[in-house]
Structures are given as structure tokens and as C-alpha cells.
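**Student:** Based on these hints, arrange chain H on the given structure of chain B.
There are 2 protein chains.
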Amino acid sequence: MAYMKISKRGMSVPASPIRKLIPLAEQAKKRGVHVYHLNIGQPDIETPPEFWQAINNYSKKVLAYGNSQGLADYLERLASYYKRYGLDVSPNEIIVTTGGSEAIIFAMTIICEPGDELIVFEPFYTNYNGFAVQAGINLVPITTQAESGFHIPRANVIEKTITKKTKGILYCNPNNPTGTVYTKDEIERLKDIVIKHNLFLLADEVYREFIYEGDHISVISLDGIRDRAIMLDSISKRFSACGARIGNLVTKNREVYQSALHLGQARLCSPTLEQVGASAVYELDNKYFKKMMDEYRRRRDVVYEGLMNIDGVVCIKPDGAFYAMAKLPVDSAEKFTAFMLTDFNYNGKTVMVAPGPGFYASKGKGQNECRIAYVLNVGDLKDAMNVFKKGIEAYNSR
Amino acid sequence: MAYMKISKRGMSVPASPIRKLIPLAEQAKKRGVHVYHLNIGQPDIETPPEFWQAINNYSKKVLAYGNSQGLADYLERLASYYKRYGLDVSPNEIIVTTGGSEAIIFAMTIICEPGDELIVFEPFYTNYNGFAVQAGINLVPITTQAESGFHIPRANVIEKTITKKTKGILYCNPNNPTGTVYTKDEIERLKDIVIKHNLFLLADEVYREFIYEGDHISVISLDGIRDRAIMLDSISKRFSACGARIGNLVTKNREVYQSALHLGQARLCSPTLEQVGASAVYELDNKYFKKMMDEYRRRRDVVYEGLMNIDGVVCIKPDGAFYAMAKLPVDSAEKFTAFMLTDFNYNGKTVMVAPGPGFYASKGKGQNECRIAYVLNVGDLKDAMNVFKKGIEAYNSR
Numbered sequence: 001m002a003y004m005k006i007s008k009r010g011m012s013v014p015a016s017p018i019r020k021l022i023p024l025a026e027q028a029k030k031r032g033v034h035v036y037h038l039n040i041g042q043p044d045i046e047t048p049p050e051f052w053q054a055i056n057n058y059s060k061k062v063l064a065y066g067n068s069q070g071l072a073d074y075l076e077r078l079a080s081y082y083k084r085y086g087l088d089v090s091p092n093e094i095i096v097t098t099g100g101s102e103a104i105i106f107a108m109t110i111i112c113e114p115g116d117e118l119i120v121f122e123p124f125y126t127n128y129n130g131f132a133v134q135a136g137i138n139l140v141p142i143t144t145q146a147e148s149g150f151h152i153p154r155a156n157v158i159e160k161t162i163t164k165k166t167k168g169i170l171y172c173n174p175n176n177p178t179g180t181v182y183t184k185d186e187i188e189r190l191k192d193i194v195i196k197h198n199l200f201l202l203a204d205e206v207y208r209e210f211i212y213e214g215d216h217i218s219v220i221s222l223d224g225i226r227d228r229a230i231m232l233d234s235i236s237k238r239f240s241a242c243g244a245r246i247g248n249l250v251t252k253n254r255e256v257y258q259s260a261l262h263l264g265q266a267r268l269c270s271p272t273l274e275q276v277g278a279s280a281v282y283e284l285d286n287k288y289f290k291k292m293m294d295e296y297r298r299r300r301d302v303v304y305e306g307l308m309n310i311d312g313v314v315c316i317k318p319d320g321a322f323y324a325m326a327k328l329p330v331d332s333a334e335k336f337t338a339f340m341l342t343d344f345n346y347n348g349k350t351v352m353v354a355p356g357p358g359f360y361a362s363k364g365k366g367q368n369e370c371r372i373a374y375v376l377n378v379g380d381l382k383d384a385m386n387v388f389k390k391g392i393e394a395y396n397s398r
Numbered sequence: 399m400a401y402m403k404i405s406k407r408g409m410s411v412p413a414s415p416i417r418k419l420i421p422l423a424e425q426a427k428k429r430g431v432h433v434y435h436l437n438i439g440q441p442d443i444e445t446p447p448e449f450w451q452a453i454n455n456y457s458k459k460v461l462a463y464g465n466s467q468g469l470a471d472y473l474e475r476l477a478s479y480y481k482r483y484g485l486d487v488s489p490n491e492i493i494v495t496t497g498g499s500e501a502i503i504f505a506m507t508i509i510c511e512p513g514d515e516l517i518v519f520e521p522f523y524t525n526y527n528g529f530a531v532q533a534g535i536n537l538v539p540i541t542t543q544a545e546s547g548f549h550i551p552r553a554n555v556i557e558k559t560i561t562k563k564t565k566g567i568l569y570c571n572p573n574n575p576t577g578t579v580y581t582k583d584e585i586e587r588l589k590d591i592v593i594k595h596n597l598f599l600l601a602d603e604v605y606r607e608f609i610y611e612g613d614h615i616s617v618i619s620l621d622g623i624r625d626r627a628i629m630l631d632s633i634s635k636r637f638s639a640c641g642a643r644i645g646n647l648v649t650k651n652r653e654v655y656q657s658a659l660h661l662g663q664a665r666l667c668s669p670t671l672e673q674v675g676a677s678a679v680y681e682l683d684n685k686y687f688k689k690m691m692d693e694y695r696r697r698r699d700v701v702y703e704g705l706m707n708i709d710g711v712v713c714i715k716p717d718g719a720f721y722a723m724a725k726l727p728v729d730s731a732e733k734f735t736a737f738m739l740t741d742f743n744y745n746g747k748t749v750m751v752a753p754g755p756g757f758y759a760s761k762g763k764g765q766n767e768c769r770i771a772y773v774l775n776v777g778d779l780k781d782a783m784n785v786f787k788k789g790i791e792a793y794n795s796r
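Residue numbers (my numbering), protein chains in the order written: chain B, 1 to 398; chain H, 399 to 796.
Just so you know, these hints were derived from the structure itself, not from any lab. Check each hint, because a few of them may be wrong.
[Stated by the list, open to error] Calculated cross-link-like contacts (lysine-lysine; reagent style BS3-like; alpha-carbon spacing at most 27 Å): (1) B:K30 with H:K458; (2) B:K164 with H:K406; (3) B:K5 with H:K563; (4) H:K780 with H:K747; (5) H:K562 with B:K5.
[As the list claims (entries may be wrong)] Per label pair, the in silico range of CB-to-CB distance: (6) B:M11 with H:K562: 17 to 27 Å; (7) H:H432 with B:Y85: 41 to 51 Å; (8) H:S478 with B:N57: 24 to 34 Å; (9) H:S488 with B:K61: 28 to 38 Å; (10) H:N455 with B:K61: 16 to 26 Å; (11) H:S488 with B:K363: 31 to 41 Å; (12) H:P447 with B:P91: 30 to 40 Å; (13) B:A72 with H:P727: 37 to 47 Å; (14) H:T561 with B:M11: 15 to 25 Å.
Everything numeric in this text was worked out from a predicted model, so none of it was measured. The beta-carbon is built from N, C-alpha and C at its ideal position, and this holds for glycine as well.
Just chain B, with the same shape it has in the complex (with noise of 0.2 Å):
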């Protein structure tokens, strides 16, 4: 009998672009090469002291399930954080989730069946991917251009990519990989799609509060798609607690909120202590995120004036996120990655960012792109522009 195989949907899960070259990182590593990290969105900002504080204070002595949809508390502390940016959110609308990615999977497992499709705009997130192959369905990639900072296209455009299997729209505002805000005027293109063609309308709002220019136009706040409207959430970025796990839905549509409570019943709970956490830091006042924003805001002119500095990048200054995607004159972002991790340091020191062929659905995008996320301090961010400059020319003089 031959060696038991897996299905094909088991197969075709992606492994993770962001992560699949630190074997090389580690390799650099131990050859004495200083990496410098950004290739991945994980903040060295220190989680605030409010969180470890709740923790160390949790006095139960059995470590219980708690609610499905939530720890109460939590649920009511989340529903006053949305009220301070003016939405209209009850606890009974709110599903606390493991992770902002349990969010989408359940998003996504509730209005498709399998092989329904849902629309992203490309470069995205890449683990939608991983996502969507756990759900089931499949994602439409529309393209957007490094040129025109990735805002969306037309209305027609997306609406030529509508089949009978859409059932909705999924964006990520403001965006990971590419760091756009996206306009009023966006924002509300995709909410007459979405009503005129019968679509829900999923936004992963997880960067919130990382705006250095423009409004963050949430989906809650938009009136006439109240039962459309998805939004995904997380306190990862937001507090800079990533290894918490703790996101959360936010629906006004009962069989979508219903749907959730159950799937949440199935896997029981989000971790007790966590949301404990969690709570304390939804306490924490705007001072603390104007001071957090103020930090990323000088980082990121650190990073786009690295990148303008280089001959030949093509990048639209990022409005929000961490991330600028920038498009490099490189021939393949993917080899050039790589170069920087086996065969080069500057007075030995080199920089690793995520490829762009990894946020991409579409075969043979993103080439010569790369994501770079500004989760180091400003002294280092200049230090990594500069030995990301350096890298470049190495790259292109070999």
C-alpha cells in the first residue's frame, strides 16, 4: 500500500511567504551576520504594562472556559473603545476570536459555501490565502499599482469580476501590505458594489489607529449596508500583544452573528486570560496611541525616505499600517531576498523584507516588489535603509 495521502485542498495550503526564508535569516545569523527584520509585522513597541498587570492580578484558581461569544467584560469594553470613533456597536454584535485570523475564517466559512468566491485587492494579506483554502473558497485577486499608491480601481472594473459565486468584498483598511488609506470616496464605491450586486462587505480594520495622514472611514459607520457589513479586528498590532490571539467580529446582522456563536461554541472559547488582558488595555486613553503613532510617523518618513533615496523605487508614500510596499529596480524581489540573507552583508549587517509575489493571487505579480515593515526603532530603521541601498547596488553589480 503506498504512504497515505492528504487531500488536495491539505496540500495546496500556502506555506507562509513572510516566513518561509528565515531558515536563510538563521543561516546569516550564524555566520555573524546582524538581520535586520522586516519582513514581518511583528512591533518591538512593548506591550503596555496594563496588559501583564491584569494578568498577574487574575485571582481565580481554575483556569475555566469562558463565554463563546466573549469574556462580559470584554465585550462591554470593546463596545466603548468603538464608541469613542463615533460606532454604533453593542456587546451583543461583538464575537471575541482567537485572533483576528479566526475572524476571517469564520467571516468567510458563514457567507460562502465551498467554491463561492470572495473579491480582494491585490497585494493583500497574504494569509487570506492560507484562509481561504481552509474555508474553501476561492479568492478574485483585482490588481492594484505601486504607481498609483494601490488605491482601488473604477467601479466597473470591479464589477466586471462579479460572477454568481461572488458573495462579497474583503479589504483591509488601513492596509497591510501597502500601508493605503483608503478615501471616503473609496470606501464608498465598494458600499454601492456591494448593495447594487447583493454582497456582504468584510473589513479587516485591524490598523485602525495607524493613520499619519487622512481619516480611517470604518465600515461599521456606513449607513444602508447595517446587515452587509463584517469588520475584523485584533488588539496584535493595536497593543502590540501579536502572541495574544485575541480579535474579534463585529456584526449587525443576527443569522451572521448567530453563525459565529455557533462556530465560537464549537472550539468553546478565546483564551480566558488574554481577554483578561485585553480588557485592561481598552482602558488605556488616545494618549497612548498618539504617542505610538507619533513613533511609527517618524519611522515610516525614515523608511520612504530610504526607499527615495534608492534610484529607480517606485513607492507613494504609505498613509497607515507599518508597511510600505515599494517596487525595487530588481529583477525578481524573491532572488534579491534571498541574496540579501546568503551572499551580503554592509560591515556586517544586511536587511531582510517579504517579497512581493507573496501577497499576490496572481501568477507572476509583485516580482520586483517587496513589503517592508518599519517595526524597528528610527536609529535602526536609518541604519537598515541604508544597508538596504547598499544591497540594492550590490544586487544589480554582481
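**Tutor:** Coordinates of chain H only, in the frame set by chain B:
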């Protein structure tokens, strides 16, 4: 435009039958009635102090993403734990998951295409239903009987249910909800079937230590199916840490491992802090389990004697886990359970159990059965079983 509809599969995720009567319990409590909760597998045993200490001693300032396969230290600790039971498991054959729940969803997704089938023995852990809907697969139930201690039937009965879509057999040992511990003969029977019919064998072994009679035969100990065996595990019951959401999957099949790793990469990681806590409790020696099992054995005896004290109850003494599945002298366990919460109390007290039908996939099965979780101390359990007996008498003399 009509109200926005969700998918058929979104509609078909079942509400938890264990949790759906909770509002009735809450109303009973509001009326001042004390409710003994024997409906949910939430132990009252304290989470070991080592778990809390490890988390309180965590000294990193940033709660960062961990490795997608699990923290390296924790994987080592798990492998050592399995070695204690003579199970040859390497750290690189383990994927840490967010609860045993995620391990099951991953396994279903990896071995089945949408529409494929897994054989299960009913009554089974009710949340397998929700996971199956999420993974888009069908559970094919084989009914087992209270009269024969819910042991599994002869090979030809199992083989009759195998179709072209069957990809594996999923069983839970020791069993939730029945408390059955499968014999070596039964496990070997399953092994022979999966070899003969080219299937995977999935074993949910989260109650490994909860054995009061007989021995536990792990799927990992079986010769000849190293590429077919997938073990699903969790710290929830073993260390009374249900709210931690730390489970894991074990496989020696490299394709299954790679696919699970990729699914893991998509959702990034399981909770970091909880893995640190879990790592500490796996250092506890077997004295910890011995003490806990002595306590649970006493509880098992109280529940079993209480049941035998009620005329017309059918229950073979359960050998493991912390459940008894009993056939009751009532017309409907669901009506009876609701009656206990709405229309009955004995000296101001009542009992909540989990009605049988929620543990069956076959319609109409388990109507007069219930699952009793013995998760209270011996004194409370004795009183609860007395109240339970009075409740059955009251229900039948309405």
C-alpha cells in the same frame, strides 16, 4: 433588497446542545435555586500553581508571535511527556494548536476534501459536528449502545459504512461522552480496518490519564500505521486549564505535518503565554495525575452508584474520562432536563445534565439518554445524585 442571507453551511452550524439550555439554568438561579452543573466538562480542580507561576514570571516586554508550530521549549516538553508513556514522538512531529478543537479542524481539513466523510461512533463529542461543518465534511455515525458500554461493533458493521468518500475514522479514547476506554482488541480492529481500506485513523486522546480500569492504548503506539495515525491532544482536562486553549496534533506523516504547519502559519501562532504555562505543568510528575485520578475515581463511583440507585437506568460502569452516559427512565431527556431547570427543585436544589440527542448524528437517537460530567467534589456529587433521583421521580409523576 431582501435582508442579506448567509450561506447554507453558515446556517447549519449547530448551537452547542451542552450550552443551549444555559438560559434556563440562569433563570433557575435567579429564582434562588441552586443548580448542580453536571452538563459541561469544566472541572473544578485547581489549575496547578506552576501554571500561574510560569506566566507571572514571564519577563519579556513584548508579547510577540511565537513559532507557528509551537514554542521550541514547549515542543521538547511535550515530546518528553509522551516518552513517559512509551510513545516515540519527536518535537518535529508535533504541531501546537489553539485547543484540541483546532487540532481536529486541521486534521479534518488536511485529510478530507469538502464533501468527504469521516466515520465516528455515536454518541460522540458534540462539537465534532461544528468542526465538520466548518471543514465542509460529513460525519458518518455508527451507533453504539448503552447496554454494551458503548463499545465499538464488529469489523463488518464498521466496514459497511465505508464509501469512496471515506477518508478516516475518528474516535475519542477514553471517550467523551460515554467514559468508555477501548480495549486493545478494539483499537487493533480499527487499525486493521484503516490498513485494509486505506484510511487515516484519528484519535482524540485528551483524557489519556483519566483511566480507572484497564489500560490506555494510544494510536501512536500502534505498529504498521505510522503514516495513518493522527493524535489529537489538549491540556484542558489534564491540567484543568480549559480556558488556556492549548492543544496539539501529533503525526509521523510528513505531508500531514507540513500541511498542518502551513495552516498554522496562516493563523500565525497559538497563544504564547499559555504555552509558557503549559510547558511548566508538563514538568509535573505522575504523582500529580495519581492524586487527581484517585479523586475522579471516587467521583465516578458516586455517580455510578447514584445511577444504579434509580430504577430503570441503564449504564455500564464507565472506565475513564469524567463522564457517564446513561439511559434514563424518561420519555425525553431534553424535556426532562428543561423540567429540572424550570419546574423542579428539591430542598432548593436541582441538577443540570446534557441531553443525549446532542451527542448523536442520527436523528431520533439518544432521546432518553443524558451525559453526566462528574466535575464536582464528592459531597456535592452525592447530593446532586440524590436530587437527580428525586427529579426523575417528580418528572414521571407529573
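**Student:** Determine for every hint whether it applies to the structure shown.
**Tutor:** We went through each hint and held it up to the structure:
1. For the suggested pair K30 of chain B and K458 of chain H, the alpha carbons sit about 23 Å apart, so the restraint of at most 27 Å is met.
2. Of the supplied pair hints, the one linking K164 of chain B and K406 of chain H holds, its CA atoms being roughly 16 Å apart against a limit of 27 Å.
3. Simply put, K5 of chain B and K563 of chain H have alpha-carbon atoms about 14 Å apart, close enough for the 27 Å limit, and the pair holds.
4. Restraint check: the Cα-Cα separation between K780 of chain H and K747 of chain H comes to about 13 Å, which is no more than 27 Å; the hinted pair holds.
5. Note on K562 of chain H and K5 of chain B: the hinted pairing holds, with a Cα-Cα distance of about 15 Å set against a maximum of 27 Å.
6. The hinted range of 17 to 27 Å is satisfied by M11 of chain B and K562 of chain H, whose Cβ atoms lie roughly 19 Å apart.
7. Distance hint for H432 of chain H and Y85 of chain B: a CB-CB separation of about 43 Å, consistent with the stated range 41 to 51 Å.
8. Evaluation of the 24 to 34 Å hint for S478 of chain H and N57 of chain B yields a pass: the beta carbon distance comes to about 32 Å.
9. Separation of S488 of chain H from K61 of chain B is about 35 Å and conforms to the stated range, judged on CB atoms against 28 to 38 Å.
10. The hint said 16 to 26 Å for the Cβ distance between N455 of chain H and K61 of chain B, and at roughly 18 Å that hint holds.
11. Between S488 of chain H and K363 of chain B the C-beta distance comes to about 36 Å, which sits within the given range of 31 to 41 Å.
12. Distance hint check: the CB atoms of P447 of chain H and P91 of chain B are about 33 Å apart, consistent with the given range 30 to 40 Å.
13. The beta-carbon spacing between A72 of chain B and P727 of chain H, approximately 38 Å, falls within the hinted interval of 37 to 47 Å.
14. Against the hinted window of 15 to 25 Å, the Cβ-Cβ separation of T561 of chain H and M11 of chain B comes to about 22 Å, which satisfies the hint.
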